[in-house]
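A.B. asks: Knowing the structure of chain A, use the given hints to seat chain B on it.
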Amino acid sequence: MNVFFHLGRYYLLMAKVFSKPEKTKLFFRQFFREVDNLGIGSLGIVAIISVFMGAVITLQTAYNVTNPLVPSYLFGITTRDSMILEFSSTVVGLILAGKVGSNIASEIGTMRISEQIDALEIMGINSANYLILPKITAAMFINPFLNVMSMFVGIFGGYVACVATNAVTPAAYVEGLLFQFNSFYVTYSVIKTVIFAFLITSISSYNGYFTNGGALEVGKASTKAVVYSSVLILLFNVILTQLLLS
Amino acid sequence: MIELQNVCKSFEGREVLKHISITFETGKTNLIIGLSGSGKTVLLKSIIGLHNIDSGKIFYDSREFSSMNSLQKKEIRQEMGMVFQAGALFDSLTVEQNVMFPLEMFTNFSQKERKERADFCLNRVNLSKNAYSLFPSEISGGMQKRTAIARAIVLNPKYLFCDEPNSGLDPQTSIVIDSLIYELTAEFHITTIINTHDMNSVLEIGDKILFIYKGEKSWEGSKNEILTAENSYIEEFLFASSLMKKIKNRF
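Here the protein sequences come in this chain order: A and B.
For the first sequence, this note's numbering gives the first residue as 1, with consecutive numbering after it.
For the second sequence, this note's numbering gives the first residue as 1, with consecutive numbering after it.
Bound conformation, chain B alone:
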């Protein structure tokens, strides 16, 4: 469980996050949604400690992350996995080496054990064996995302963060990636936080949804509640596309 209490963050006097409080639950996919520039990425980066927050508190299973020193943060970070928007795979390493990297850094596994664990994770994300020895530049965007997910789960994280995991992917691959994250969250009982503005993700895997508008928490609920939410900003956001407008008008 990750809990945020009155989290504020500003850059050069410009307030980007304003008093955000929410609890992200374990074993559920928690979504942060909002328009571009609403502060989603800053919130995610603040939660994982890439940005230092100005005020407020962040708890990881009752451990106050925001007041920890760098050594304590480092310990918590080894319980985190992160899937970046563009994958952030290491260019100089092959797909398999990318997944083995955290194991090499933080475990005393033998080369054989590392390879077995990496192959298990790559297999779990349904990546073809032919891709294991390829470099990130040689594989498709969808395969890069799968590799990034495999790398993120290789150390059995307690917390999984995904920054727009569907960006740049076709709708079909997006659904596959969503399902994968959803299944892994339940299977390994992870606290997953996904930063997205993909409507399909919202309606399919949003166990808990936080809607941010101009840096403020505007709405909180689940995928079952969002379509009937009485919030004009959410309505604008949900039905921005003509497809969603048509669906709304039909029903």
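In isolation and in its complexed conformation, chain A is listed as follows:
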């Protein structure tokens, strides 16, 4: 019953969120602020994690596959496909669920307990639309850029690892990157990223918006936002993979 209660309340909240903004100019101001806050603010962490993951995938594959019959360009293919298919969308999604999700839930939760949301409602403003819509749209807009950047940086990380360790020759690595490249994988990854962006921002906003109590509850809402977003990202990863790649 609890699940149905939350689902119902979530849908009602989303109905309030996806209505016409009070003032388009204000919406766009908030939108660009959120693009900066949620997207540009996450560039650093996504780049750092991607470059190291790309390097590690390349090295681990190279050190674990010792069979001489395996062609050396395989390591480039492995890094490329791992980064594009899974890492840059799902793993980056999980990282962003932690960073962005907790940020959104605590921000909106604090606004709720300090009556800032009530103040908006009293003014006759649709608080859900004003606060949440810019976050959802901004994340759905900027996260694909983060996703593509993560692919490039991760693959570059693999190349740097090849040059630095010579576990694989850079030429073989590049040959692998170019071998039988399927561009639909990028589309698949971007589609997943857009859906994960919606899940992260809407679930975190939901948890923040319905916070009740004090600082302790804001902390709990923040934790719940990260946990639920992560679980749903993993669930939707399976569903989308089946739908898009089968």
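Honestly, the hints are just simulated from the structure, not real lab data.
As the structure is a prediction and not an experimental result, all values here were calculated from the model.
Heads up, a few of these hints could be off.
Rough simulated footprint, nothing fancy, chain B against chain A, three-plus residues with beta-carbon under 8 Å [as the list claims (entries may be wrong)]:
id, segment
1, 71–84
2, 119–131
Calculated pairs, EDC-like style, for lysine to aspartate or glutamate (alpha carbon to alpha carbon, straight line, at most 20 Å) [as the list claims (entries may be wrong)]:
id, chain 1, residue 1, chain 2, residue 2
3, A, K23, B, E113
4, B, K45, B, E64
5, B, K45, A, D118
6, B, K158, B, E25
7, B, K214, B, E204
8, B, K74, A, E175
Partner residues are not named here, just some residues of chain B that face chain A (Cβ under 10 Å, in silico) [said to hold, decoys possible]:
id, residue
9, K73
10, I76
11, R77
12, M82
13, L89
Glycine included, every Cβ here is placed at the ideal spot set by N, Cα and C.
C.D. replies: Just chain B now, with coordinates in the frame of chain A:
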């Protein structure tokens, strides 16, 4: 004028407001007083529509608010100003931007006009110009309350609601805030409802006072009548502090 007819509200079967009927008059400061947990905040939030009432009617100048749809309520809300207990100022905006926010949302004023109007309101609440560019976290509690009042009056509201405007303030600042609300009410002919348990406010600005006891209307009168009210609950409430007891014994 705001009129309440038999307003009832309960939470999970627990009755918080029981058949409250009263008329709050225009141009006067109307006070809702009572012990903590007596239902004052729930009543105030029910009047402004943050809580939906279970039964009864609420009228804003003969317009029945309680049966309005959300679009109609939204129109009435643009005639309301609210001062929250903790100010409820937007953390991400400066003092001046906080006051300009409703103007930006609901008027077609130019940036210059918005700034002029916001500065007029901030000046009216005697806030120092140095504070205009500061964020709420950088100013004192009293300054936050003044900013909240300025924001509440910036759209020339017909109805002003204040939830414990003196909480957390020293007695001197409380008197200043009370006087400010009292003056603004008369000056702009607003229907003001203040939720308080500050005895000084009761005796200084209580043009009309509603005393709630355990969710029921226990007494209604003015600041001139309250000290002689024949109501044991009011007596307990008024003379709860040792200072008030001493004053009572002396006179």
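A.B. asks: Which constraints among the numbered hints does this structure fail? Numbers only, ascending.
C.D. replies: Structure breaks hints 1, 7, 8.
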